[in-house]
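Residue numbers (the working numbering), protein chains in the order written: chain A, 1 to 222; chain B, 1 to 210.
Note that these hints are calculated values from the structure, not bench results.
Where is the CB? At the ideal position from N, CA and C, for every residue including glycine.
Please note: incorrect hints may appear among the correct ones.
[Stated by the list, open to error] Straight-line distance between alpha carbons at most 20 Å, and here's what the computed EDC-like set of lysine to aspartate or glutamate pairs gives: (1) Lys48(A) x Glu140(B); (2) Lys204(A) x Asp38(A); (3) Lys204(A) x Glu140(B); (4) Lys48(A) x Asp103(A); (5) Lys40(B) x Asp38(A).
[Stated by the list, open to error] To give an idea of the interface, some chain A residues facing chain B are shown, with a C-beta separation under 10 Å as derived from the structure: (6) Arg33; (7) Leu34; (8) Glu36; (9) Asp38; (10) Tyr41; (11) Leu68; (12) Ile69; (13) Thr81; (14) Gly85; (15) Leu164; (16) Ile167.
[What the hints assert, rightly or not] Reference excerpt, derived from the structure (chain A facing chain B, CB under 8 Å, subset only): (17) Asp26; (18) Gln29; (19) Leu107; (20) Met144; (21) Asp180.
Here is how the chains run, residue by residue.
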Amino acid sequence: MKRHHPWLSWPQLREGPMQLACHLCDTLQAAPRLREGDGAYCCVCGEKLYRNRPHSLAHATGFSAAALIFMVLAHTFPFLTMTSGSISTRLTLMEAAHVLIRDNDPLVAAGVVFFTVVAPFILVAGMLYVAAPLRHGVALPGAMRVTRWLQWMEPWSMLEVFFLGLIVSLLKLGKMAEVDFGLGLWALGGLVLCTAAALGGIDKLELWDRLEITRKGEANPT
Amino acid sequence: MNLPPPAASQELASCHVCQKVSPIQMENCPRCGTHLHLRKPHSLERTWALLLSACALYVPANLMPIMTVSGLGGGEANTILSGVVAFWQMKAYPVAIVIFTASVLIPILKVAALVWLCLAASGRVWASPRALSRVYYITELLGRWSMVDVFVVAILVCLVRFGALMTITPGPAALCFSGVVILTMFAAMSFDPRLIWDRHRADLADAPPP
Numbered sequence: 001m002k003r004h005h006p007w008l009s010w011p012q013l014r015e016g017p018m019q020l021a022c023h024l025c026d027t028l029q030a031a032p033r034l035r036e037g038d039g040a041y042c043c044v045c046g047e048k049l050y051r052n053r054p055h056s057l058a059h060a061t062g063f064s065a066a067a068l069i070f071m072v073l074a075h076t077f078p079f080l081t082m083t084s085g086s087i088s089t090r091l092t093l094m095e096a097a098h099v100l101i102r103d104n105d106p107l108v109a110a111g112v113v114f115f116t117v118v119a120p121f122i123l124v125a126g127m128l129y130v131a132a133p134l135r136h137g138v139a140l141p142g143a144m145r146v147t148r149w150l151q152w153m154e155p156w157s158m159l160e161v162f163f164l165g166l167i168v169s170l171l172k173l174g175k176m177a178e179v180d181f182g183l184g185l186w187a188l189g190g191l192v193l194c195t196a197a198a199l200g201g202i203d204k205l206e207l208w209d210r211l212e213i214t215r216k217g218e219a220n221p222t
Numbered sequence: 001m002n003l004p005p006p007a008a009s010q011e012l013a014s015c016h017v018c019q020k021v022s023p024i025q026m027e028n029c030p031r032c033g034t035h036l037h038l039r040k041p042h043s044l045e046r047t048w049a050l051l052l053s054a055c056a057l058y059v060p061a062n063l064m065p066i067m068t069v070s071g072l073g074g075g076e077a078n079t080i081l082s083g084v085v086a087f088w089q090m091k092a093y094p095v096a097i098v099i100f101t102a103s104v105l106i107p108i109l110k111v112a113a114l115v116w117l118c119l120a121a122s123g124r125v126w127a128s129p130r131a132l133s134r135v136y137y138i139t140e141l142l143g144r145w146s147m148v149d150v151f152v153v154a155i156l157v158c159l160v161r162f163g164a165l166m167t168i169t170p171g172p173a174a175l176c177f178s179g180v181v182i183l184t185m186f187a188a189m190s191f192d193p194r195l196i197w198d199r200h201r202a203d204l205a206d207a208p209p210p
């Protein structure tokens, strides 16, 4: 990869000035390159346009890899175990969906699975798939499409809401029976934090620019 | 005060997905292939339709039981509001406030905010565009947290299965309520905040110079 100016985080895309339209007020404005950590704000409505986040791709790679490991743990081990007399029940995401289907609520089960299993998995795995090779200037096949999915999945990944739900349920159950915390609960906490860090740390403008650069590089290799 | 021109006035469209600015004649974004629009298509109509269906679903979501607790002493159906009241009577005030905020306050405020935004975007009420943008931002941010009640039901149904001793089963309101949350999230997504600023620009152009 060609070296570029040290405080610019990614290679320049084209010669002319970049333009950007604010997504709130559609004001067309120049998008200058920023120093690390600086942000650009819309001159009309003050909305944040973009930020140059240092080591954005490295952070995304690291946090999404960690999130993937936490995800495996969160699915293998129960969040909570409840014991009453001789019967004990376990709570995992798939078990919750299974019980909902058995109780004749397949649509709610599908919703729970989509919001807490499918969408977070697409987010985390997709992020790793795109960001890790892109650090070395490589875009794996379908990277563009995966990045589009990432954008669509973001609002539907609701693990942090599920976590709040767990806390509320714990308070609700507290006095009724013996509830034990499982390894899954801590893994879920780690998963929520890592997903948020991976998503919050990524510079979308850089991600798309880099994808475009790699694709151009593949189209006409020098 | 004169505002800088919007991208749309120069036939430039910002891609919904990757934000690249390209001429609208290109139809598809040259970078990511998404179909280009100057504004989200039929934004207000779609938002109104989704809001109305969300309101319609909100009624059964609150009237029907969200879960049924059955045990030795017979069965007891819980609605969303009765759950809040139960927490309040148990003196678990923080939980009561969290549940009340997430499942009653946020959906109502969200629908109200989107109605206000739609009315302002079509020019029937006036409000500062900055305030409206802020309202839109908060609406989009908070919407998903209403789902917490549905997750609580899923968790309790999974954990409390002790046969005749105590069993919790989901009620029809769980499905209705998740429908409300999903519909309002789609409504917020289909609303185009740029319409607010279009209206503001038109107002400024119409206003006589001082």
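Closer than 8 Å between Cβ atoms is the bar; does aspartate 180(A) clear it against chain B? Give me holds or violated.
violated (11 Å)
Can we keep the leucine 164(A) interface hint, with Cβ of chain B closer than 10 Å?
Since the shortest Cβ distance to chain B is 5 Å, the answer is holds.
Does the closest beta carbon of chain B sit nearer than 10 Å to the beta carbon of isoleucine 69(A)?
Hint violated; isoleucine 69(A) Cβ to chain B Cβ min 23 Å, cut 10 Å.
Can we keep the leucine 34(A) interface hint, with Cβ of chain B closer than 10 Å?
violated (15 Å)
Using the nearest Cβ pair, does leucine 68(A) come within less than 10 Å of chain B?
violated (22 Å)
Can you verify the interface hint for leucine 107(A): is its Cβ closer than 8 Å to any Cβ in chain B?
holds (5 Å)
Check the hint pairing lysine 204(A) with aspartate 38(A) against an upper bound of 20 Å on the C-alpha distance.
OK: lysine 204(A) and aspartate 38(A) at ~14 Å, within 20 Å.
Return the status of the interface hint for methionine 144(A): holds when the least beta-carbon distance to chain B is below 8 Å, violated otherwise.
With a closest approach of 6 Å, the methionine 144(A) hint holds.
Quick check on the hint: glutamine 29(A) CB to chain B CB, less than 8 Å?
holds (7 Å)
Does the CB of glycine 85(A) sit less than 10 Å away from some CB of chain B?
holds (7 Å)
So if I understand the rule, the pair passes when the alpha-carbon distance is 20 Å or less; does lysine 48(A) with aspartate 103(A) pass?
violated (46 Å)
Is it true that the CA of lysine 48(A) sits at most 20 Å from the CA of glutamate 140(B)?
holds (16 Å)
Of the numbered hints given earlier, the model fails hints 4, 5, 6, 7, 8, 9, 10, 11, 12 and 21; all others are met.
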